[in-house]
Amino acid sequence: KATTTRNYDPEHASRPFDRSRDGFVLAEGAAVFVLEEYEHARRRGAAIYAEVAGFATRCNAYHMTGLKADGREMAEAIVNALAQARTALDSVDYVNAHGSGTKQNDRHETAAFKRALGEQARKIPVSSIKSMVGHSLGGIGSVEIAASVLAICNNVVPPTANLHEPDPECDLDYVPITAREMPVDTILTVG
1 KATTTRNYDP EHASRPFDRS RDGFVLAEGA AVFVLEEYEH ARRRGAAIYA
51 EVAGFATRCN AYHMTGLKAD GREMAEAIVN ALAQARTALD SVDYVNAHGS
101 GTKQNDRHET AAFKRALGEQ ARKIPVSSIK SMVGHSLGGI GSVEIAASVL
151 AICNNVVPPT ANLHEPDPEC DLDYVPITAR EMPVDTILTV G
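With the working numbering, the residue at position 191 of the sequence shown is 191, and numbering never jumps.
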């Protein structure tokens, strides 16, 4: 099941990592970025908001939308992205989760974080902005990068809205309800 049945209550319908979640809220949105080499941006006096230090992607060849519960493929992508960025696990200040609000995805993602980040997974705040803006499918990656850059610029971790009763299988620090002010320099985004 992908989309929520709570269309009558759009403000509270998206509930990533919550026990009562039942799918995502379809949304619209996108963001646009100028990506350029650091030295080029510096020479022209550009305001530099963030650096893309590493990236990775994986597919599971399992099912078009289905996910294996162990989170192995996502964990491999996380490990490879952090290695490419030369970033230690204890340097990650915040994880921007995919957090779609489907039972399958949220549990898969929790398993992937534990597998890739080890004990650090329990120390790093994680949240889903889809709880506030919904899931714009192809456009959500850019929206989540924009939110991540704003988290760095404002030293604030966005909350996971509507997370009142966490799923016991989603047992990490998912920043329920309220944003958290804290230094944010390095973000892992898996959205």
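Treat the hints with care, since some could be wrong.
DSS-like mimics (lysine-lysine), calculated; alpha carbons at most 25 Å apart, straight line [stated by the list, open to error]:
hint: 1; residue 1: K123; residue 2: K103
hint: 2; residue 1: K103; residue 2: K68
hint: 3; residue 1: K114; residue 2: K103
hint: 4; residue 1: K114; residue 2: K68
The following label-pair restraints were derived from C-beta to C-beta distances [unchecked claim]:
hint: 5; residue 1: R43; residue 2: E119; range: 40 to 48 Å
hint: 6; residue 1: D171; residue 2: H12; range: 35 to 43 Å
hint: 7; residue 1: M64; residue 2: P183; range: 34 to 42 Å
hint: 8; residue 1: G29; residue 2: M64; range: 18 to 26 Å
hint: 9; residue 1: R58; residue 2: L26; range: 19 to 27 Å
hint: 10; residue 1: H40; residue 2: D185; range: 33 to 41 Å
hint: 11; residue 1: H40; residue 2: D9; range: 26 to 34 Å
hint: 12; residue 1: M182; residue 2: D70; range: 24 to 32 Å
hint: 13; residue 1: D171; residue 2: A53; range: 35 to 43 Å
hint: 14; residue 1: V156; residue 2: M64; range: 22 to 30 Å
hint: 15; residue 1: G66; residue 2: E39; range: 26 to 34 Å
hint: 16; residue 1: A41; residue 2: D70; range: 22 to 30 Å
hint: 17; residue 1: A179; residue 2: R122; range: 15 to 23 Å
For the record, the hints were derived by calculation from the structure and aren't laboratory data.
Cβ coordinates follow ideal geometry from the N, Cα and C atoms, glycine included.
Now the hints, each set against the structure:
Between K123 and K103, the direct Cα distance comes to roughly 23 Å. Compliance with the 25 Å bound is thereby established for this hinted pair. Only pairs whose Cα atoms come within 25 Å are accepted, and K103 paired with K68 is accepted, the gap being roughly 12 Å. Taken as a hint, the K114 and K103 pair is honoured in the structure, with Cα atoms around 17 Å apart against an allowance of 25 Å. Distance check on the hinted pair: K114 and K68 sit about 15 Å apart at the alpha-carbon level, within 25 Å; holds.
At roughly 42 Å, the beta-carbon separation of R43 and E119 lies within the given 40 to 48 Å, and the hint holds. Between D171 and H12, the C-beta spacing of about 22 Å breaks the proposed range 35 to 43 Å. Taking the beta carbon of each, M64 and P183 are about 40 Å apart, inside 34 to 42 Å as hinted. Between G29 and M64 the beta carbons are some 24 Å apart, a value that agrees with the proposed interval 18 to 26 Å.
Evaluation of the 19 to 27 Å hint for R58 and L26 yields a pass: the beta carbon distance comes to about 25 Å. Between H40 and D185 the beta carbon distance is about 23 Å. The supplied range of 33 to 41 Å is therefore violated. Range check, H40 to D9: about 47 Å between beta-carbon atoms, so the 26 to 34 Å window is missed. Checked against the hint of 24 to 32 Å, the pair M182 and D70 passes, with Cβ atoms roughly 30 Å apart.
Taking 35 to 43 Å as the suggested C-beta distance range, the pair D171 and A53 does not conform, at roughly 28 Å. The beta-carbon spacing between V156 and M64, approximately 36 Å, falls outside the hinted interval of 22 to 30 Å. The beta-carbon spacing between G66 and E39, approximately 44 Å, falls outside the hinted interval of 26 to 34 Å. Hint check: A41 to D70, Cβ distance near 40 Å, so the stated range 22 to 30 Å is violated.
A beta carbon spacing of about 20 Å between A179 and R122 agrees with the range 15 to 23 Å that was offered as a hint.
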